[in-house]
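2 protein chains.
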Amino acid sequence: MKRKLTLKLIAKELDVSISTVSKALRDSAEISEDTRQKIKAFAKLYNYKPNNIALSLKNRKTRTIGIIIPQIVHHFFTTVIRGIEQMAREHNYNVIITLSNNDFDKEVLNMELLANGSTDGFIVSLAKETLHKDDFRHLTEAIDQGMPVVMFDRIVDEIPCDKVMIDDREGAKMGVMHLLKTGCRKIAIITTKDYVTIGKLRTKGYIEALESYGVKVEKDFILKLDTIDHCGDDCSAKIKNFLKDKDIDGVFTVNELFAVTAAKHLTAIGKNIPNDVSIVSFSDGELSQHFIPSLTTVSQHGELMGRKAAELLINKLERPEEEVEEYTTAYIDTSLIERESTKKIK
Amino acid sequence: MKRKLTLKLIAKELDVSISTVSKALRDSAEISEDTRQKIKAFAKLYNYKPNNIALSLKNRKTRTIGIIIPQIVHHFFTTVIRGIEQMAREHNYNVIITLSNNDFDKEVLNMELLANGSTDGFIVSLAKETLHKDDFRHLTEAIDQGMPVVMFDRIVDEIPCDKVMIDDREGAKMGVMHLLKTGCRKIAIITTKDYVTIGKLRTKGYIEALESYGVKVEKDFILKLDTIDHCGDDCSAKIKNFLKDKDIDGVFTVNELFAVTAAKHLTAIGKNIPNDVSIVSFSDGELSQHFIPSLTTVSQHGELMGRKAAELLINKLERPEEEVEEYTTAYIDTSLIERESTKKIK
DNA sequence: TTGTATGCGTTATCAA
DNA sequence: TTGATAACGCATACAA
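Protein chains in written order, with UniProt numbering: chain B, 1 to 346; chain F, 1 to 346.
It cannot be assumed that every hint is accurate.
Each pair may be met inside one copy or between any two copies, as identical chains are not told apart.
The calculated SDA-like cross-link candidates involving lysine to any residue, where the alpha carbons are at most 20 Å apart (straight line), are [stated by the list, open to error]:
| hint | residue 1 | residue 2 |
| --- | --- | --- |
| 1 | LYS44 | SER335 |
| 2 | LYS4 | LEU109 |
| 3 | LYS44 | LYS346 |
| 4 | LYS224 | ARG169 |
| 5 | LYS49 | VAL215 |
| 6 | LYS8 | CYS235 |
| 7 | LYS106 | LYS219 |
No lab work stands behind these hints: they were computed from the structure.
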């Protein structure tokens, strides 16, 4: 097993000092053209690459951004990551991803791993379990130690850091408005329990839309589920039960899996989509496009979100030390993608 | 912005030497009970965590495994990652992921980033573009420098490293056999061009299955597409065209998106699934479960694959230096998951 | 029982 | 123009 090439080895081989090698490789004017050429040729030949670890230690900077997210299956997260990577690349930063699998302990572990030297700052979407536990010490500790943090998607208001969100309330409102505009009046919502901020806000948007149309909000028409990231048998049964015998002509869901599950149960009891019941869902997944009928969705522009998050983080990383702390919350617009699960506006 | 706590700072604060602090924190017997307690209490109070970068530099080991994959949307990769992380955790390794987005340059960049100190070894699934370019210098360079590499999923035979594969030929054969067993005889396959190893092998399994049943292989029944990871308009049109007017009673596809697309076009021309045409697909996605009808699939056990890949890598990392190089290829079994897109075996 | 010195790979400062 | 030295944060062999 060959040892990696270091300045020291090059120096020994060429019989010069380490610092001469270092300077030559960085094109320092101090070094004579001759030796510089010689050293550079040698380094190139043997494919010398400086050791990032040593550089990080020396500079106390890694130029690496850490991303901590719950799951990666979601198409949404992929698009966010892409956005982050774009922006990072433009500013010469690298990106490293770790997954929490929606597990609190793992989120903490991952943060500690990355916080102890591997990363200059974090972009985080919290694990479900973390939100549930309401325990954010790992975040506040990182922040206390001077690690800039940007939260996105799953936000907690009280954490002092930059945040990037979509306007969930507005987005939900837009989705429900679309249902209203296409003629629906008996609209149910399948959402999450209120401890998930996004669920709460989207429920709010739903209510606002109905009210703006003078439609009464029926408590019976609101289903709040515990799960977010997948829809197991239990969740499916709850949706089935919720839809059974309900006189509705529209369903709004806060994610794609709820929508698909609802669509299945509706179809099973003989309802036609969109003629009997229309469906609109928050989503960024592939499911919506490929499902039959394809689903009208409120789309989240994950790439923009990622770019914005990275931009905020890099700003913090490169701002002069003395500057006052100041946290901004950026909002990313949503947009409606019409597909087959809703009727045309007349 | 507070500076991170270091041994040096603790030492100064407590008026002892750095090595005393270091030893105390590592419970060295050299240090008196008294000072040890004092130091540990202080460290705990101020939440001291050793700097990983410094440790890595010192030990020339990071205890970190780097994963380089093309895309993460695929449910399959998520399960593989989970497997890797499990095994890594059990052996006290950490895991870092980077995405190539199926882009060659990015794959190279990512490998270089991680190779220059951040990781002890790699687990890699190659980008599509890399396979296409047939340029693997970044891999061989890493290997030459003593970085152990394990390839999975998208393999290249000539690279000297450990490999984890599923038996694509066997899996495809099993899928097609199922179609045969349920009575299909006119079975088409939608696969990838042969430069993608998995596509090639699966095509082979398809042919073997047919032959074992004495069914003639029709060239017309084989569609080789260029894309792998998504199925855009162009790809969809090709599938549509391929299926049009074709007298078939079964379709086998090498991925879920091809299957869904095929199912749509078949339904559109009035075919019932599974009564007129049955479908079996290679897949690990959510689409198969949620599609209507849900799809019978050949499942890949990504988690096992991940575990195996990590195990092989860790073995290499912890083996004594002098040992001879020896590369193994591990095969992971596939299994058939029956759903609604195929008929029952009589 | 505690402290000093050295090295991991790099760069920056200063001396030669 | 080149080289020696110190420092980044840590662990450890050795000296006190």
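Which hints from the list above does the structure break, by number from lowest to highest? 1, 3, 5, 6, 7
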